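Please assemble the complex out of the two chains, which come individually in their own frames, going by the hints.
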Amino acid sequence: MKPILLTLGLLLPVLAACGGDNQRMVQNDEYGDYRRGAVRQRPLGTSAGIVIFGVDKEREAREAAATGGGAGLSVNAYLWRATLDTLSFMPLASADPFGGTIITDWYAPPGAQGERFRAQAYVMGRQLRSDGVRVQVFRQTQDRTGQWVDSPVSAATNSEMEDKVLARARELRSQSASR
Amino acid sequence: MRKILLGTTAVVGAALLAPTMAAAQEAPTVRVGGYFRAYYGYTQQTGQNVTGLTPQGTVVQPAQVGDAGIGATGTSTAQSARNSQHDFSTDAEIHVFVNGKTANGLTYGAVVEIQFDNNEATARTARRSYPSKTGADIDEAYAFIASPTFGQIRFGDEDGPVGGLMNAGYVTNFGTGGIYGDWQDFVIRPNRTTTSPGEMGDNTKIIYLSPQFFGFDFGGSFALNEGEGADTGCVSSLAGPFCDRAYASQGVTSFGRATTNLPGRRNEYQLMARWRGNLAGVGLAASFGYMGASAVRDITVTGTQFQTLRNPQIWEAGLQATAYGFTLGANYKWGNTSYFYIPTIRGEQDMSQIFLGGSYTAGPFSIGANGFFQTVAGTAGSAFNTTTGVLSQNTNSTPRGQRRYGYGIGANYRLAPGLDLVAEYVRHVIHENGVDLDGQANNGVQDKLRANVFLVGTRLAF
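Here the protein sequences come in this chain order: C and L. Using numbering that gives the first Met the number 0, you'd call the opening residue of the first sequence number 0 and step up by one each time. Using numbering that gives the first Met the number 0, you'd call the opening residue of the second sequence number 0 and step up by one each time.
Hints are computed from structural coordinates only; laboratory data are not their basis. Here the structure is a predicted model, which means the values were calculated and not measured. Possibly wrong hints are sitting among the right ones.
Claimed, not checked - Just so you have them, the derived chain C footprint on chain L, three or more residues with Cβ under 8 angstroms: (1) 24-31; (2) 143-153; (3) 289-300; (4) 370-377.
To be verified - Only part of the chain C face toward chain L is listed, based on derived beta-carbon distances under 7 angstroms: (5) Gln-22; (6) Tyr-30; (7) Gly-31; (8) Gly-48; (9) Ile-51; (10) Phe-52; (11) Ser-93.
Ideal Cβ placement from N, Cα and C applies to all residues, glycine included.
Chain L with its partners taken away, still in its complex shape (with noise of 0.2 angstroms):
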């Protein structure tokens, strides 16, 4: 795969450098983008209120840490917490565009987005040795270069052809983007991570984008691994389950990718065809996308490796239409991973997701409606013993599917160009009967989990 991808690159770069047309050439730009955002949300959801018992299941709460600076680490004892319903919440990103044209025609720069909000589950404040819950981190940070004739390469942290950039059929275009919009913000966890294309991750990846021809243009990308940004990715710096380059990891079986660091997916590829065109005033667009990718291996203490894990593979199909203000659009999903494209074991059920979405617009006011329905796996209870290497596949004694669905209904009002108002109420449910969902023991078995998300405010972009 490797020697594939350096004789791609090596060939289209190759393309792009050569000569193509005269053409002024101009000097780089830097801009500055961004957005801010605000909202009041409103939240119902259960599992929100813990009484005596440890939150999520095995995690450690650490000890409050007072003005006196009385760090003491953090202990299992038992908790009680209440939520309410009302939040505000706020968010920013600074976007840098370099943008430049050389002699021959060739276009290039770099996007370098920088985040806020990356440490989602920290103490409120930043103090001593606790990170802060808005600390900046990157987003997407990718150089591309592109020519009129042979298409466009990005290399960095950027979105696949199939995890976001060329997708048809996802109608977001109103309120925060309803189902895949801003929600999950005031939601307290598990009931909150959906598999929009996006969450595929922007694992440093090197992607070819074709030129349009006939209304056709196609992608395809490769990562190496799921890590992204600078170094090893592993903890303490140290050799370990973490590292981005790991192939096999300890865990990786009973967890899959417990969380984004977790390796899971290796020698990632996407590819993607789209075509976009008029048909009697009908705007249209098609995509059909697959990702595959070989999965990180189990290892046993004694480091014997194995093969549990099933190598991703993804297919998706989208479709929308627009006219007279109408967006209309259906994408459907399918392939062999569960929910946020966690990799399967052999003999898990497949993943299964149709989203459906509508929307109009009407001069500044956009309103809309989308939603999702989703067939995982869910909780199979398939275990590896790290000592013995035996695999006990589906030990729940009844294996049932889970299903993820929500829709939300959204609208914005744009008061200046970049300045919008905006209203959404989202619903997320996620189900797998008898199994008790919401990682804590001893409040009974809690099967089916909601959140209703009211939210309303504003949002500039620049």
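Just chain C, with the same shape it has in the complex (with noise of 0.2 angstroms):
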């Protein structure tokens, strides 16, 4: 029995760590099934009882969620945030935090005279993954009545903007990670 013993409890940590995708850590409150009747029903493991010292996390989650805090956002808050950021240099026209949509309004570079653009974006999920952004850039030109009239954008502006709304994204994940 001894070496079967030994043999279990060197091979158990080390077989544990093999799982990979198909291995979840058991959380507290999935031990001890069989208990008298007693504490029941109460939020059990982490967020039993109440905090009588340190931070209750959970509390202040569910307070933000209240109020319509970060918590609150139906779209994910880091490519929400990436897009308000990457579109601030043009004046804003709507914006819409739980359909996920930014439209601006028209925006003439000082530098290009006779041309305006104005930018529209979609927001989707709570996920952050490279899909979850598209935006969509409109350009007008001045003609010779002075009437704007619609223009073609180049087929790489609309993809270069979500780049650069990808990239601040992960710079603010990064940033809020290390905290």
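So, in structure tokens, the structure goes:
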């Protein structure tokens, strides 16, 4: 029996580390299903009881959600802020954090007379994914009569804007993770 | 065994402490939780009335202590008593949880559970030399360190993987837990001790609990002795048979483990494997485990040691399924101990126990039933001569097996998170043909002890 025990004792932790994607940490409240009914139906594990010392992170999260704070966004917060940052050089016409749409007003770059731009951005879903943002840029040029007429935008512009948003989102993500 | 344990712990410890992943450090939080409950209980049981005898055989009843403070020492004069069916009962526990996280992703913490019902058989008020019935003591108390990659180590007074942590098949999620619920608080001994997983005890141990992979997780634990808490456990702090570290103890053959303070198991190890998963919308859990230990030896008055008890070996297999609010479970336990995991003498009958349970939950309402049937060695009548060291096995002319069985039906309604109304009925029977089980000599042979408890009340978990 003892050699078996020894082998098991040594192998189990090592085997446990080899589970890869099929491995997960067992939470403290997954033990002791058998218990007298006394403490059943209360929050278990790390959320049991009332915090008397330290920061109650779960309560913070609950309250933030209730007041429509960061946890109240229906789209990914990093992508949302990165899009706002990236398009901030243009005047903002509307921004809907629940629908995930950002629409700017017309903007004429100081160095390019007779040309103006407008952008629409859509942030999709709660995940931070490379296909989670779409940017559409519109361009108009002034003709000889002074009228603004639609003009084509170079094909790469939209994807370049999306790349800038994603880069900014990555930056924001890494900043908050190291905090 | 100790070398193995120390080696294993070192390896696991090194694995756990190795930096695994970058994660934000979290300052520890301290939480306070627990429960309060209050019930009315209606109890019908045999053996609750005594006439002109010393209750519980040789136990000396303490003399009455009046307000005058006259504390005469106990006498064993004959006494008579009658007990009614009605009682209120309250109980509470306070639990303290500490949780933290290190910079390299390890979570750590401690759990201390304080209970107030340890002194079951004592005077009803705390006065003078008598301990209070509601005195505080520690139930579980342990520290843990956990890694997502390598699992968790717990060290302290805690149930083992087989003794409550990872068992499947015990359906107790209704009422107060059915046959493993709070009915025992109303019943006068000896008709109450069950062999539930938790009765294996919280003896101080080291526990390893693996992460879950492919639905499987594993647990193992090791305890040197059966004692818990601080200090040596020796009565009057002097070396004697009750000390935690005793490996030979006079009288252990006759009494088995009459109280949890009388040592019975040493070098106890528990191994458990559990699988949890989902098949076609049905939640399944299965467990298989083993508890092994060496038994404390008996010793004569002149100091000669004899191995009279078998080294305890218990196996357990359980299965449960959950779907559409229904939970069904079964557990089979067998081994060479008696009820309550008391070690037995070689040649005695092995223990065998089947547990079945089912429950249904709909919104705030839960209802269920469970029960068990157990056969154990019973009163085999073996005797160990503490002078000569001779073991006389089965001196009963007709040694018989003892049957213990019971069932519970209960329901609860949740008024608010943590606040329940509960109602429950439980029946428990001990039966051994021709053997007087109630420990009272002059009221005839009581070979079938029955207890029926109906309780109703409220419970608040916080």
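Evaluated hints:
| no. | hint | result |
| --- | --- | --- |
| 1 | 24-31 | holds (count 7) |
| 2 | 143-153 | holds (count 8) |
| 3 | 289-300 | violated (count 1) |
| 4 | 370-377 | violated (count 0) |
| 5 | Gln-22 | holds, 4 angstroms |
| 6 | Tyr-30 | holds, 4 angstroms |
| 7 | Gly-31 | holds, 5 angstroms |
| 8 | Gly-48 | holds, 3 angstroms |
| 9 | Ile-51 | holds, 5 angstroms |
| 10 | Phe-52 | holds, 4 angstroms |
| 11 | Ser-93 | violated, 35 angstroms |
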